[in-house]
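**Q** Respectively, the protein sequence lines represent chains A and B.
Going by this note's numbering, the first residue of the first sequence is number 1, and it counts up by one from there.
Going by this note's numbering, the first residue of the second sequence is number 1, and it counts up by one from there.
It should be emphasised that the hints constitute simulated quantities derived from the structure, not laboratory data.
Please note that a few of the clues may not be correct.
Unchecked claim - Coverage of chain B stretches by chain A, computed from C-beta distances (three or more under 8 Å per stretch; other residues unrestricted):
1. 32-46
2. 66-73
3. 84-92
4. 112-119
Every residue gets a Cβ at the ideal spot worked out from N, C-alpha and C, and that includes glycine.
Number of protein chains: 2
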Amino acid sequence: MTIHKYKNEYAWDGVPVLKYKEDGTHFKNITRRVLFGGNDNLPCEIRYFEIAAGGHSTLERHEHAHAVIIVRGKGEALVDSKIITCNPFDVLEIAPLVWHQFRANKNETFGFFCIVNINRDKPTRPTTANIAAIAGNPEIASFIRT
Amino acid sequence: MTIHKYKNEYAWDGVPVLKYKEDGTHFKNITRRVLFGGNDNLPCEIRYFEIAAGGHSTLERHEHAHAVIIVRGKGEALVDSKIITCNPFDVLEIAPLVWHQFRANKNETFGFFCIVNINRDKPTRPTTANIAAIAGNPEIASFIRT
Chain A
1 MTIHKYKNEY AWDGVPVLKY KEDGTHFKNI TRRVLFGGND NLPCEIRYFE
51 IAAGGHSTLE RHEHAHAVII VRGKGEALVD SKIITCNPFD VLEIAPLVWH
101 QFRANKNETF GFFCIVNINR DKPTRPTTAN IAAIAGNPEI ASFIRT
Chain B
1 MTIHKYKNEY AWDGVPVLKY KEDGTHFKNI TRRVLFGGND NLPCEIRYFE
51 IAAGGHSTLE RHEHAHAVII VRGKGEALVD SKIITCNPFD VLEIAPLVWH
101 QFRANKNETF GFFCIVNINR DKPTRPTTAN IAAIAGNPEI ASFIRT
């Protein structure tokens, strides 16, 4: 039995704060915590991602799906061709091969649980042609950070 | 893309309140909501269970595992041979074949997310011999509801 007691400010006993990804300039002000690593009996991983004010995740897509539950603050998400306002306890399913990116609001820390298959493909970032297609919608063009 | 916007009081757009189980006298004052049903790309189900003051889940065990994140109020859980005080955002892993039961405190609604494999075995309830063994510990004997 593993228990991670919640401490405060979205920190848990025994759960280190990790880099979101090893390196890159395609994300900003975002951290990752693994609350449940998954195993054969429950083959999914539960992560808590936190984006500081003004930050964002990578604009990417992949064949695996995400289930996301917002838990801290407010933010916005590009999911496919929609920009979604995110509030605590909203639940989003991000289907396979859909472009997505999360952003914190300017003055607010934004955090969410993200549940994902332990067996999954690597995300891909948009090519120049992909970006041109995604940015065909002016609202989305001003939203995305690449 | 499926979005379930959070309404208030732990209710979500498009998510009906379901019976915890079809019938039985081995649980009390507990409801179930399915926030994510799972599929091949993410083979787990995310449920929100809510236990009204004084209620409890079934004392049971199974081969599949649970990952539980407390989100509303306070309660207690028997997990294996320990009684655990549960507060919001505590994370519990319930390993295979471990006896477990959740209880709300007397004056408080207690709610938690429970993530589970979409492919899973049916829970089993304790036999008289199991109960005698579980209740060997007096603290646990007074905790369990069968």
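**Q** Indicate, hint by hint, whether the structure satisfies it.
**A** Hint check:
{"no.": "1", "hint": "32-46", "result": "holds (count 8)"}
{"no.": "2", "hint": "66-73", "result": "holds (count 5)"}
{"no.": "3", "hint": "84-92", "result": "holds (count 7)"}
{"no.": "4", "hint": "112-119", "result": "holds (count 4)"}
Of the numbered hints stated above, none is contradicted by the structure.
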